[in-house]
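Participant: Next come the chains, spelled out residue by residue.
Protein chains: 2
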Amino acid sequence: MDFPSKLIEEAVNQVSKLPGIGKKTALRLVLHLVKEKKETTFALTEALSTLRENIRFCKKCHNISDAEVCSICTSHRRDSTLLCVVEDTKDVMAIENTAQYNGLYHVLGGIISPMNGIGPSELKIDSLVTRLSDPAGGIKEVILALSPTMEGDTTSFYIHKRIKEYPVKVSVISRGIAIGGDLEYADEITLGRSISARTLFN
Amino acid sequence: MDFPSKLIEEAVNQVSKLPGIGKKTALRLVLHLVKEKKETTFALTEALSTLRENIRFCKKCHNISDAEVCSICTSHRRDSTLLCVVEDTKDVMAIENTAQYNGLYHVLGGIISPMNGIGPSELKIDSLVTRLSDPAGGIKEVILALSPTMEGDTTSFYIHKRIKEYPVKVSVISRGIAIGGDLEYADEITLGRSISARTLFN
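Chains A and B supply the protein sequences, listed in that same order.
Per this note's numbering, residue 1 is the first one in the first sequence, and the count goes up by one each step.
Per this note's numbering, residue 1001 is the first one in the second sequence, and the count goes up by one each step.
A hint or two may mislead.
[Claimed, not checked] Every beta carbon over 12 Å from chain B, so not counted as near; a handful from chain A, in silico:
| # | residue |
| --- | --- |
| 1 | S71 |
| 2 | H76 |
| 3 | M115 |
| 4 | S127 |
| 5 | A136 |
| 6 | I177 |
| 7 | N202 |
[Stated by the list, open to error] Across the chosen pairs, the derived CB separations fall in these ranges:
| # | chain 1 | residue 1 | chain 2 | residue 2 | range |
| --- | --- | --- | --- | --- | --- |
| 8 | B | G1119 | A | D2 | 31 to 37 Å |
| 9 | A | V170 | B | G1181 | 52 to 58 Å |
| 10 | B | K1023 | A | G138 | 34 to 40 Å |
| 11 | A | K23 | B | A1186 | 27 to 33 Å |
| 12 | A | G22 | B | G1176 | 24 to 30 Å |
| 13 | A | A186 | B | T1040 | 34 to 40 Å |
| 14 | B | K1059 | A | G119 | 52 to 58 Å |
[What the hints assert, rightly or not] Covered by chain B, according to a simulated footprint, are these stretches of chain A (three or more residues, beta-carbon under 8 Å):
| # | segment |
| --- | --- |
| 15 | 6-13 |
| 16 | 37-43 |
Rather than coming from a laboratory, the hints here were simulated on the basis of the structure.
Given the structure is predicted, the values throughout are model-derived calculations rather than measurements.
Quick reminder that beta carbons are idealized off the backbone N, C-alpha and C, glycines included.
Could you put the whole structure together from the sequences, leaning on the hints where they help?
Facilitator: Shown next as structure tokens:
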């Protein structure tokens, strides 16, 4: 791509580093900003740099938070005997949106992925073990809610190995055919597992 | 969407103002930046604010340019008797990529669109008329290369009306079935026009 200006080229290069954004989309976004008022761009860059400068993580669950301890961890309405282990903030938001879960969270900050150089030490697994080993913590069940992929399963197995000495129940979110999904279009592995892991009709 | 942090919320709101980016994509991009090193975010915001602060437009053709007059307008290798009128920089880049055009450009900065409150006075049409009225300009043909939409056609008609008093040939880029396209899937209007505007087989 030949750019009419070095400034445009640099902006396109930076924007296209974002995941899922190629050079063409980046150019479209950059030219949009050029067309809009200066304030639009400055509000955007200000929000992003303020975020990156001041972002904090809850010291208990490691979710993104504005305070030292997040609103979920400090809430008295949550069931503090349940702990749901997730990969990142997006997963916390997705589970919160279901309104089906009332316990606490533990955000790992990623999953074990040797391909991307992410091992257990990069994740908040030691911190999870510390939380469970605290007798005052009162956690009775750990729910592993990681993606049903090779990496997610590896991480679940690893965490299970690390925490099995503690007197907590360890569960995993159910897997099977998505509700509203079509049996015909489900992949064989999911369909196969949903048959072998069938539950009683009630 | 309930955000765990006001900083995230503000960043998502700003990013989702970009065209074609919804709240979910914005959240994914913002969380990506949070996960990456601070420098990634600062390089991005720096590039965008520098661009928006320092962007310049060629005073002849109004394309984005690093200099007062852009490299196409100053080039001695370009055919200065041909002037191609386009909507914006993306179109200049697209036509340059074809390597089929060797003339100059005139960038309108948009097209007439009453729905979006854009009238002829918002566009660089007066400047086009001034370019044509200059006897030293030497322009012999104006090629209207606007999108074949209602707005594009309206703009073409308007420009034609404004410039028909000048002794220049006015042409329009050809329309018809796209090369490599399938007749069966072409819309009726395009197919109909491509029949009525047929050219001799040679």
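Participant: Evaluate each hint against the coordinates.
Facilitator: Hint-by-hint comparison with the structure:
With a minimum CB-CB distance of about 8 Å to chain B, S71(A) fails to clear the 12 Å threshold, and the non-interface call is violated. Non-interface call for H76(A) relative to chain B: holds, since the shortest CB-CB distance, roughly 18 Å, exceeds 12 Å. Every Cβ of chain B is farther than 12 Å from the Cβ of M115(A); the closest lies at roughly 16 Å, confirming the non-interface assignment. Separation of S127(A) from chain B is adequate, the least Cβ-Cβ distance of about 17 Å exceeding the 12 Å criterion.
At the 12 Å boundary, the C-beta of A136(A) stays outside the reach of chain B, the nearest C-beta of that chain being 25 Å off. In this structure I177(A) is separated from chain B by more than 12 Å, as the shortest Cβ-Cβ distance comes to about 24 Å. Here N202(A) stays apart from chain B, with its beta-carbon at least about 32 Å from theirs, past the 12 Å limit. Taken as a hint, the range 31 to 37 Å holds for the pair G1119(B) and D2(A), whose Cβ atoms sit roughly 32 Å apart.
With their beta carbons about 57 Å apart, V170(A) and G1181(B) fall inside the hinted range of 52 to 58 Å. Checking the proposed 34 to 40 Å range against K1023(B) and G138(A) shows it holds: the Cβ atoms sit about 36 Å from each other. A beta carbon spacing of about 29 Å between K23(A) and A1186(B) agrees with the range 27 to 33 Å that was offered as a hint. As the Cβ distance of G22(A) to G1176(B) is approximately 29 Å, the hint placing it in 24 to 30 Å holds.
As the Cβ distance of A186(A) to T1040(B) is approximately 38 Å, the hint placing it in 34 to 40 Å holds. Under the hint 52 to 58 Å, the C-beta atoms of K1059(B) and G119(A), about 57 Å apart, fit the expected range. Against chain B, the segment 6-13 of chain A contributes 6 residues with a C-beta closer than 8 Å to a partner C-beta. That satisfies the three-residue criterion, and the hint holds. Note: the segment 37-43 of chain A has 5 residues with beta-carbon separation from chain B under 8 Å; the three-residue rule is met and the coverage holds.
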